[in-house]
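**Student:** One-letter residues, chain by chain:
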Amino acid sequence: MSMLEQLTNRDQVFDFLAPAASPVDVRHGPILYMEDVNVSFDGFKAINNLNLTIDDGELRCIIGPNGAGKTTMMDIITGKTRPDTGSVWFGSRHNLLTMNEPDIATLGIGRKFQKPTVFEALTVFENLELAMAADKRILPTLTAIMKPENRDQIDEVLEMIGLKDLRDKLAGILSHGQKQWLEIGMLLMQKPRLLLVDEPVAGMTEQEMERTAELLTSLAGKQSVVVVEHDMGFVRSIARQVTVLHQGGVLAEGTMDEVSNDPEVIKVYLGEEA
Amino acid sequence: MATSTTWLLRPLQERSTQLFLGILTAALAVVTLLHLAMPEDSALHVSAYTVTLLGKYLCYALLAVAVDLVWGYLGILSLGHGAFFALGGYAMGMYLMRQIGDRGTYGDPILPDFMVFLNWDSLPWYWHGFDMAWFAFAMVLLVPGALAFVFGYLAFRSRVTGVYLSIITQALTFALMLAFFRNEMGFGGNNGLTDFRDILGFNLRTDATRLGLFIATGVALAIGYVICRGIVTSKLGRVSVACRDAEARTRFLGYRVERVQLFVFVVSAMLAGVAGALYVPQVGIINPSEFSPLFSIEVVVWVALGGRATLYGAVIGALLVNYAKTVFTGVMPDAWLFALGGLFVLVTVFLPKGIAGLLQKRRKAPEKDRSNPREATA
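Residue numbers (the working numbering), protein chains in the order written: chain R, 1 to 274; chain G, 1001 to 1378.
The set of hints was computed from the structure by calculation and includes no laboratory data.
Keep in mind that the hints are not guaranteed to be accurate.
[Unchecked claim] For lysine to any residue, the following SDA-like pairs were computed, each having C-alpha atoms within a straight-line distance of at most 20 Å:
#1 R:K80 / G:E1247
#2 R:K80 / G:V1160
#3 R:K45 / R:T85
#4 R:K147 / G:T1005
#5 R:K147 / G:S1004
#6 R:K80 / G:R1259
#7 R:K164 / R:E214
#8 R:K80 / G:T1161
#9 R:K147 / G:E1247
[Said to hold, decoys possible] Restraint ranges, calculated between C-beta atoms of paired labels, are given here:
#10 R:K191 / G:E1184: 36 to 44 Å
#11 R:L139 / G:N1183: 37 to 45 Å
#12 G:L1351 / R:K147: 37 to 45 Å
Note that CB positions come from ideal geometry on N, CA and C, so glycine has one too.
Next up, chain R with everything else stripped away, as it sits in the complex (with noise of 0.2 Å):
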């Protein structure tokens, strides 16, 4: 927006006059809020109208069938997909669509992928350092030193996610859940305000189910949590409040319960697996 259509708008706070770096602000209402959010891509509408809103603290579950728009839907907060109109905001300060990934992450949104992606060059130990909250610019990162209270912090941690014996085995060598596990852990180290958790549970046994649940209830409360899955029993075992997404917009939202018992819901969704 130029500086001149800026001066026009007199019901939003000028860029120039927003202060740059500010903690994120929720003491007036959400820590996430999407508003009639659009994206298409090459005609395809991937993303409809989309409403949503995450409460600081909040574990939320995000449900819908392949193509719903959920990976997109993150994509549009991390900054890696610019929608065509609507506003996505952080806080009541930041607005998201007007800076890039690695400020995002900065700020304090931490997003797991689909795949487990760790670097399985490195050992543990150093996946979880290179996630640490810091100054990550070249030469601070050039020069950075290990501070004991930082080796602390990593092996809280790694207590946390169950990697304690593995932390100086190289990632590369974890079963498939031991690297969801790593994955989330290196989100916790950059101690993000909000976390984003795409198919947590994809590939995993009952038993490392089980475990992640756990992990994740117990994040619920000190960071805010948004659990995209397909696996309808997990989702059942830790959400508190869960949105069904149907063609890139919002079809319900609310308890598991009433959501199951939504007659829509279960034509387009849960119809096809009972």
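Position chain G against the provided structure of chain R, taking the given hints into account.
**Tutor:** Same frame as chain R, now just chain G:
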């Protein structure tokens, strides 16, 4: 401020770096001793010719270390590092040309011979300043660094990586080769720069100067190695490996991948420039053939043979291949390219981690393996 140099001192406390520096120092000392102390007719005498040849190998080794830094640790396969090497070489060559003074064939106190021959009446603007050593030596670092910065800035900002980047680097060095072949460029055309007399006041044609250059190259290799090792053992080195293996993931962690790539690429180009600058006074000529794409590819073969992402492997590869080249091209010149190709195939099939991989296996010490485990099986 104490913390700002820790990254550079860290490698000195490492066993592997101490071993590398120890072997290098010992080799320099032995060659120097055998050259100076042994009578010329002794079988153990190292001739000035051999000293210069070894100095040339050490220049190649430094170039290989520079390539390994970007290829092994950052995953950027540069097939154009010869360009930075040659630019460093040309900067040195221009200094050496200006040192000739009026001793050239045409006796012009300012203009190098080839300019007199081309009937130029004054020095082109970019030749000014090269009569001063400090300026020329600064250019040895700055010219390759600036080219790498501009090239890297444009390429990495547009997120060009992988094969595409390799092809562009080839194009870069090829374009520079064609440009430097032109007489109008003012770099001596296809003859390049030659007929050097002295460097810093020392006569280049004496054995003592040659020995000095050899030792200087050894020291440059040691310093270059420590700088690279310092980078790869720092947190920035681990971030480079992260960029290499999962670029998008690194970006979501909050690192500016393109800046990491740019930084390491520029450092590497500067090291290549230093290698080129030390190469020129030892071989006595610099011409556009150093820009040849084939040369840059050969450098990559040295690194692959020696073992990627180890740094010392690059040194071993460069020394071995160039020694083999000297021997082979002497015995049967036509067979060299076949031998190089064959060697490359054999190493790729039987030693995917190169000679360094073999050494690591031998030692059986479970040293941490920085190479990408996914690629080991590929």
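**Student:** Determine which of the earlier numbered hints do not hold for this structure and return their numbers in increasing order.
**Tutor:** Structure breaks hints 9, 10.
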